[in-house]
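Colleague: For what it's worth, our numbering labels the leading residue of the sequence shown as 41, then goes sequentially.
These are computed hints drawn from the structure, not numbers from a lab. Incorrect hints may appear among the rest.
As the list claims (entries may be wrong) - Here are the simulated lysine-lysine pairs, PhoX-like style, with alpha carbons at most 20 Å apart:
| hint | residue 1 | residue 2 |
| --- | --- | --- |
| 1 | 47 | 64 |
| 2 | 75 | 47 |
| 3 | 289 | 248 |
| 4 | 64 | 75 |
| 5 | 248 | 316 |
| 6 | 142 | 47 |
| 7 | 97 | 47 |
| 8 | 307 | 234 |
| 9 | 162 | 75 |
| 10 | 278 | 294 |
| 11 | 162 | 294 |
| 12 | 316 | 294 |
| 13 | 187 | 107 |
| 14 | 187 | 162 |
| 15 | 187 | 142 |
| 16 | 248 | 187 |
Stated by the list, open to error - Estimated spans, in silico, between C-beta atoms of each pair:
| hint | residue 1 | residue 2 | range |
| --- | --- | --- | --- |
| 17 | 78 | 265 | 27 to 33 Å |
| 18 | 278 | 75 | 32 to 38 Å |
| 19 | 242 | 71 | 46 to 52 Å |
| 20 | 195 | 156 | 28 to 34 Å |
| 21 | 216 | 85 | 33 to 39 Å |
| 22 | 118 | 71 | 17 to 23 Å |
We put the CB at the ideal spot given by N, CA and C, even for glycine.
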Amino acid sequence: MLTSHSKLYIAGHSGMVGSALMRKFTSEGFTNIVKRTFEQLDLRNQQAVNDFFQAEKPEYVIIAAAKVGGILANNTYRAQFLYDNLMIQSNIIHAAYLNGIKKLIFLGSSCIYPRDCPQPIKEEYLLTGPLEPTNEPYAIAKIAGIKLCENYYRQYGCNFYSVMPTNLYGPNDNYDLETSHVLPALIRKFHEAKINNSEYVEVWGTGKPRREFMHVDDLADAIFFLLNNVDATNIYNKSISHLNIGSGKDISIKELAELIKDIVEFKGNIFFDPSKPDGTPVKVLDISRMLNLNIMKTTLLRAGLITTYNWYSNYANQ
41 MLTSHSKLYI AGHSGMVGSA LMRKFTSEGF TNIVKRTFEQ LDLRNQQAVN
91 DFFQAEKPEY VIIAAAKVGG ILANNTYRAQ FLYDNLMIQS NIIHAAYLNG
141 IKKLIFLGSS CIYPRDCPQP IKEEYLLTGP LEPTNEPYAI AKIAGIKLCE
191 NYYRQYGCNF YSVMPTNLYG PNDNYDLETS HVLPALIRKF HEAKINNSEY
241 VEVWGTGKPR REFMHVDDLA DAIFFLLNNV DATNIYNKSI SHLNIGSGKD
291 ISIKELAELI KDIVEFKGNI FFDPSKPDGT PVKVLDISRM LNLNIMKTTL
341 LRAGLITTYN WYSNYANQ
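Can you make the complete structure from the sequences, with help from the hints?
Modeller: Below you can see the structure in the form of structure tokens.
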């Protein structure tokens with residue numbers, strides 16, 4: 041049984057999701073959290089990962105470690121995104137099996153679903169159509185992680201399962217314009233345009249695609265609940281191999297840009313560049329199963345964006 045003294049390993053503890061998990065578990069009184077930086081432990085190295093598990097012997101594992109990025113990064117570093125993510129998750133999941141971990145939760149991504157998927161996206165739509173080409177390598181790696189967890193459960197009885205968060209945002213996000221996702225990229229663009237008194241901000245694509253966003257602290261709350269209350273037997277059935285986690289609401293990129301412009305108080309114009317890729321036209325998750333487990337999202341988008349922008353503006357001024 042999970043207690044505040046249980047030994048918990050959060051892989052990727054310094055990233056946006058990992059740091060949110062650290063905030064959540066420490067606020068709940070957990071004092072035995074194991075963490076390693078990339079310099080201390082290269083998760084792509086199988087022997088290093090095996091040695092780490094044998095030495096530390098964690099009881100519970102959350103895999104928030106991954107090589108991530110937006111459309112540009114996914115489409116540019118295709119081999120790296122596939123190889124690095126396959127190695128990271130495979131090494132951790134197999135070492136967890138070898139060392140008898142009590143429960144493991146693997147964090148995937150909503151990009152695992154087909155590009156032209158019925159909306160909202162149900163868990164059983166996985167592998168029913170072609171993926172979005174710009175992030176196919178990353179999606180394939182995440183699908184492999186889902187199937188690893190599922191089949192370690194089916195073959196070995198491991199209490200391992202996967203959750204698929206929607207698009208996340210919040211403190212400690214990646215704001216590098218070359219590798220970031222759309223929301224942090226927009227925050228940085230509008231902030232810098234405001235500082236530089238620019239006439240306009242350029243946004244990739246037409247602005248028509250619709251996306252769902254969830255504050256990362258809401259995800260951390262959900263993971264905390266799952267680790268405490270939900271086992272693999274509650275997740276799997278014949279057609280479902282994972283659990284969607286999201287807000288259940290979407291917004292167009294145009295509406296998102298206008299909302300961030302308002303929050304940042306940028307006075308210029310927005311220019312949409314249709315020569316740049318839009319990505320998947322619509323992507324919103326069906327969160328019926330999440331709600332049936334009594335997991336609720338609490339942060340409204342505007343309120344979450346205000347706190348996120350306040351964090352970023354302080355970060356940018358350091």
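Colleague: Now tell me, hint by hint, if it's right for this structure.
Modeller: Consistency of the hints with the structure:
1. 47 to 64: holds, 15 Å
2. 75 to 47: The given pair, whose Cα atoms are some 11 Å apart, holds under the 20 Å limit.
3. 289 to 248: Holds, at roughly 15 Å.
4. 64 to 75: holds, 15 Å
5. 248 to 316: holds, 12 Å
6. 142 to 47: Distance ~10 Å between residue 142 and residue 47 Cα, so the pair holds.
7. 97 to 47: Distance ~8 Å between residue 97 and residue 47 Cα, so the pair holds.
8. 307 to 234: Roughly 7 Å between the alpha carbons, so the hint for residue 307 and residue 234 holds.
9. 162 to 75: violated, 33 Å
10. 278 to 294: violated, 39 Å
11. 162 to 294: violated, 25 Å
12. 316 to 294: holds, 14 Å
13. 187 to 107: With Cα atoms ~19 Å apart, residue 187 and residue 107 stay inside 20 Å; holds.
14. 187 to 162: holds, 17 Å
15. 187 to 142: holds, 19 Å
16. 248 to 187: violated, 33 Å
17. 78 to 265: 27 to 33 Å: Between residue 78 and residue 265, where Cβ atoms are some 29 Å apart, the hint holds.
18. 278 to 75: 32 to 38 Å: With a Cβ separation near 37 Å, residue 278 and residue 75 satisfy 32 to 38 Å, so the hint holds.
19. 242 to 71: 46 to 52 Å: Distance hint for residue 242, residue 71 holds at roughly 47 Å.
20. 195 to 156: 28 to 34 Å: holds, 33 Å
21. 216 to 85: 33 to 39 Å: Once the Cβ atoms are compared, 25 Å apart, the range 33 to 39 Å for residue 85 and residue 216 is violated.
22. 118 to 71: 17 to 23 Å: violated, 41 Å
Of the numbered hints listed earlier, those contradicted by the structure are 9, 10, 11, 16, 21, 22.
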